[in-house]
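Chain residues, written in single-letter form:
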Amino acid sequence: MAKSTKKYDVVIIGGGPAGLSAGIYTARARLTNLLIERGAVGGQIINAEWVENYPGFTESISGIDLTEAMHKQATGFGLETLVAEVTGIKITGRQKVVKTSQGDFTAKAVIVAGGSERLKLGVPGEAEYTGKGVSYCATCDGPFFRDKEVAVVGGGNAAITEAIELTKFASKITVIHRRDELRATKILQEKAFAEKKIKFLWDSTLEEIAGDAFVDKITVSNVKTKKKTVLNVSGVFMAVGFRPNTGYLKDIVKLDDIGAIITNERMETSVPGIFAAGDIRSSSIRQVIAAAGDGAVAAISAEKYISGQAGLFAEKS
Amino acid sequence: MSKPVEIEEAKFSEAVLKAETPVLVDFWAPWCGPCRMVAPVVEELAGEYEGKVSFVKVNVDNNPRIASQYGIMSIPTLMLFKEGQPVDTIVGFRPKDELKKSLDTAL
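Just so you know, the sequences run in chain order S and B.
FYI, the numbering for the first sequence is 2 to 318, going by this note's numbering.
FYI, the numbering for the second sequence is 7 to 113, going by this note's numbering.
One or more of the hints may lead you astray.
[Stated by the list, open to error] Here's a subset of chain S near chain B, in silico, CB distances under 10 Å, partners left out:
#, residue
1, Ile47
2, Ser61
3, Gly94
4, Ser102
5, Gly104
6, Glu118
7, Ser136
8, Asp142
9, Ala195
10, Lys197
11, Val216
[As the list claims (entries may be wrong)] With a straight-line cut-off of 27 Å between C-alpha atoms, the simulated BS3-like cross-links for lysine-lysine are:
#, chain 1, residue 1, chain 2, residue 2
12, S, Lys225, S, Lys198
13, B, Lys106, S, Lys121
14, S, Lys100, B, Lys63
15, S, Lys197, S, Lys169
16, B, Lys106, S, Lys91
The set of hints was computed from the structure by calculation and includes no laboratory data.
Using N, Cα and C, we set each Cβ at its ideal position, and we do this for glycine too.
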């Protein structure tokens with residue numbers, strides 16, 4: 002494929018709700034824009050079988066359907082999309098060059114909305130048994146565990162949502178959580194506690210995953226008593242947190258201690274003309290609505306930056 | 007540009023096991039988000055490796071026996087077959103450059 006060196010007003014990195022929302026707003030501002038995504042658009046939310054907290058949908062909608070609609074909407078206003086892997090951003094004065102596997106793209110402003118990915122726990126057996134019982138996506142892999150016993154590791158929204166989804170397939174789901182209470186939203190907790198198939202192992206951490214060709218047991222340790230327990234399970238679903246996709250950005254913009262991009266309320270990063278939105282941002286609440294909101298703010302800030310009117314919000318105060 | 011071909015169980019032997027060129031099988035399902043993520047990347051690879059590797063897709067929902075025969079417990083799984091044998095397996099979404107590296111090493 003020919004290497005391109007096209008110029009745009011705004012290049013958006015990442016095709017989740019933050020990037021797509023930024024795409025809608027920049028396109029409607031009549032800025033030329035390109036959204037670069039390493040796979041199909043959608044972001045992490047495409048793993049969600051149902052989204053029931055995005056306003057306007059009285060019936061829950063799947064993550065795939067929601068983001069496909071966002072993409073269609075953005076494309077309708079003129080957003081261009083490219084499948085490529087971003088490898089770096091080069092800054093020369095006010096101009097930014099986004100380097101990708103499909104060539105370089107010059108932009109006046111860049112909106113980084115590359116999201117995050119599931120954290121690996123790093124316990125023995127985890128890498129070895131990935132795809133052989135260890136999974137990072139219950140929606141994808143749940144059907145392979147019909148009538149089997151599985152474990153879910155974690156206590157946040159992702160873990161509890163996965164445990165609930167797995168009740169459709171697995172015979173028993175043990176949630177292993179290192180604390181004695183869940184971090185997940187109350188409504189999810191209520192659903193999980195009401196499910197007979199879901200059991201909880203509190204104050205517990207996963208120590209080891211073992212088996213033969215496939216996972217058949219895990220070792221769990223109680224953080225208070227130090228007592229170790231072996232559970233016979235066929236599947237282990239990992240939901241222990243997320244890592245921002247900022248590998249190529251660490252020497253470019255200021256990151257926090259977990260590698261998320263630090264921004265102000267205008268979504269400005271430490272580099273003028275580079276904005277960040279969504280889960281990749283420090284202190285993100287990791288919700289579709291927040292990502293979409295971030296994307297809109299970043300787009301409007303980028304528009305003001307390009308037209309030379311800094312301080313959009315400052316004018317009001 | 008050649009595109010990955012969707013095949014059913016009845017065609018698996020002919021299209022994959024008895025194929026003269028190596029075959030990359032994309033095990034996927036419609037409910038799987040990362041499978042959708044990886045699909046356009048696999049399509050591009052199908053174009054770039056035209057003549058060297060053929061690309062097929064197996065929907066695990068419609069073809070559970072093949073999925074279970076090859077021990078698929080996570081999707082997307084990309085499995086490279088040479089002379090009827092699986093020689094490399096990649097589980098989960100990977101960027102194109104990484105997939106190309108795996109393909110080039112295994113070929």
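Against the structure, the hints:
The closest approach between the C-beta of Ile47/S and any C-beta of chain B is roughly 3 Å, which is under the 10 Å cut-off, so the hint is satisfied. Here the hint on Ser61/S is broken, as its CB sits about 15 Å from the closest CB of chain B, past 10 Å. Look at Gly94/S: its Cβ only gets to about 30 Å from chain B, farther than 10 Å, so that hint breaks. With 10 Å as the threshold, the beta carbon of Ser102/S comes within range of chain B, its nearest partner Cβ sitting at about 6 Å, so the hint holds.
For Gly104/S, the suggested interface contact is broken, since its CB lies about 14 Å from the closest CB of chain B, more than 10 Å. Interface hint at Glu118/S: satisfied, since its Cβ lies 9 Å from the closest Cβ of chain B, which is below the 10 Å cut-off. Using the Cβ-Cβ criterion of 10 Å, the hint placing Ser136/S at the interface with chain B is satisfied: the shortest such distance is roughly 5 Å. Annotation: Asp142/S was flagged as interfacial toward chain B, and the flag holds, the nearest CB pair being 5 Å apart, inside 10 Å.
Annotation: Ala195/S was flagged as interfacial toward chain B, and the flag is violated, the nearest CB pair being 24 Å apart, outside 10 Å. Interface hint at Lys197/S: violated, since its Cβ lies 24 Å from the closest Cβ of chain B, which is beyond the 10 Å cut-off. Here the hint on Val216/S is kept, as its CB sits about 9 Å from the closest CB of chain B, short of 10 Å. For a cut-off of 27 Å, the pair hint linking Lys225/S to Lys198/S stands: about 26 Å separates their Cα positions.
Note on Lys106/B and Lys121/S: the hinted pairing holds, with a Cα-Cα distance of about 24 Å set against a maximum of 27 Å. Between Lys100/S and Lys63/B the CA atoms are separated by roughly 31 Å; this puts the pair beyond 27 Å, and the hint is violated. With a C-alpha separation of about 12 Å, the suggested pair Lys197/S and Lys169/S falls inside the 27 Å cut-off, and the hint holds. This hinted pair checks out: Lys106/B and Lys91/S have alpha carbons roughly 25 Å apart, not beyond 27 Å.
In this structure, the earlier hints numbered 2, 3, 5, 9, 10, 14 are contradicted, and the remaining ones agree with it.
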